[in-house]
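Generate coordinates for the entire structure from the input sequences, incorporating the hints supplied.
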Amino acid sequence: MHTLWWRIVSKKFHPSSYIALLSLSYIALGVTIPAMSLIVVSKGFSLAQLSLAMIVFSLSVMAFEVPSGIFADAKGRRTSFSVGLFLSLVGSLLLFSPSFIVLCIGFACTGVGRAYTSGSMDALMIERGLKADRKLEDLVFALDINSGISLSGGSLLGGLLLSMGSQQGNLTGLVLAVRFLLVASALVLLPLLIPKDSVVQGSSVTFGTQAKQLGRTLSSSSFLLAFSISVIVQGMLLASLESYWQPYLKQLLESDSQLWILGLIAASIFAIGVLGSMIGKRFLSLMRPSVLYCLACISIFILQLFLSQSHTIAQFLVLYELIYLLLGVVSVVGMYLLNKEASDMVRTSLASVSSFCLQSGGLLGNLLATVVFLFGGISSYWAIASVLGFLSMAVLSFWLLQRTPRT
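Just so you know, we're using the working numbering here: the sequence shown kicks off at 29 and counts up by one.
To be clear, the hints were calculated from the coordinates, so they are not data collected in a lab. Treat the hints with caution; some may be incorrect.
[What the hints assert, rightly or not] Keeping only pairs whose Cα atoms sit at most 30 Å apart, straight-line, the calculated DSSO-like set for lysine-lysine is:
{"hint": "1", "residue 1": "LYS224", "residue 2": "LYS163"}
{"hint": "2", "residue 1": "LYS159", "residue 2": "LYS224"}
{"hint": "3", "residue 1": "LYS368", "residue 2": "LYS240"}
{"hint": "4", "residue 1": "LYS159", "residue 2": "LYS368"}
{"hint": "5", "residue 1": "LYS71", "residue 2": "LYS368"}
{"hint": "6", "residue 1": "LYS278", "residue 2": "LYS103"}
{"hint": "7", "residue 1": "LYS278", "residue 2": "LYS240"}
{"hint": "8", "residue 1": "LYS103", "residue 2": "LYS163"}
{"hint": "9", "residue 1": "LYS224", "residue 2": "LYS240"}
{"hint": "10", "residue 1": "LYS103", "residue 2": "LYS224"}
{"hint": "11", "residue 1": "LYS159", "residue 2": "LYS71"}
{"hint": "12", "residue 1": "LYS368", "residue 2": "LYS224"}
{"hint": "13", "residue 1": "LYS40", "residue 2": "LYS368"}
{"hint": "14", "residue 1": "LYS368", "residue 2": "LYS163"}
{"hint": "15", "residue 1": "LYS163", "residue 2": "LYS40"}
{"hint": "16", "residue 1": "LYS240", "residue 2": "LYS159"}
{"hint": "17", "residue 1": "LYS224", "residue 2": "LYS40"}
{"hint": "18", "residue 1": "LYS163", "residue 2": "LYS71"}
In structure tokens form, the structure reads like this:
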């Protein structure tokens, strides 16, 4: 047989191949997390221009989040992942430019690329893993842990590269170069590690047909609608915490010499999240997943209410870490519920809808903050957000607990 070795891809399911590719993608994303704003500011542009560039990026992700999921289900998930990697590669190159317009185009390409890679390889791994008789909870757990470790490692690498770049006079050059190499490596390895999409999935379904199928799936499932709304509520929670915990904690510190505590908390969140994922996976076999999901979400908002009234560093640390412990539980259980309910035909589309809902919740959370800050501070904002979140989840639980997703 004269088939070239690099064209031989095993049809047998190997989860390590999917995990490796996803890890490269997440590390490439992670290295830019500490450098996103610096890519613009370090080139001499103003904060107003930075805001505009971030808006371009966010809108690009949101605008293509759902369409990219529909494309993946209609034309193939490996195809969608490769399109996303290619766009990310182009975007990374454009981010080297000193031109603000080119930078914005680069952020747009990166945003669209992120939308196309988001969820596509995850859904492909779950689909093929289930066909290979792997347990859904094991697949979901592996994906969740991999994303956390890779993003954390990428962020640490990004911080190191920024330090090295500052010494060389080009603050973000090394970050962008490493990101480019990581994305390029994933693009090269993709056809070597992952079998092609099936003919049926990849060519016989049109985009319009797939969009209608997604619409029918959502409209016929009160569980999926309630779950999607619950993800919006989670997005509001994350926006309220991630954007404002530093200034809230800073006012509790006795002096700036204690600012190292902020770094300690930021570093500990990853470990706490992984522990939460492990707890969530363990409890999946001990109680109904939908009950676990609702209890964890409601508990988070109760903790946020107490957090809004914390007056010491110790109180803040305990409550904040407990929230992220439960967020780890919610992450793995929520992914399990979504994939248990989803059929293979719309698996990526539903993941994209979930991601879109999370980002939409973040926007709503920031809009709520602008209103609350007209008459109150962070404490008032957290208190109001926690009450709204608690009431929302209490109402949504009526639909989420009506039945367990299909087996």
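Which of the numbered hints are not met once you compare them with the structure shown?
-> Those not satisfied are hints 5, 6, 7, 11 and 18.
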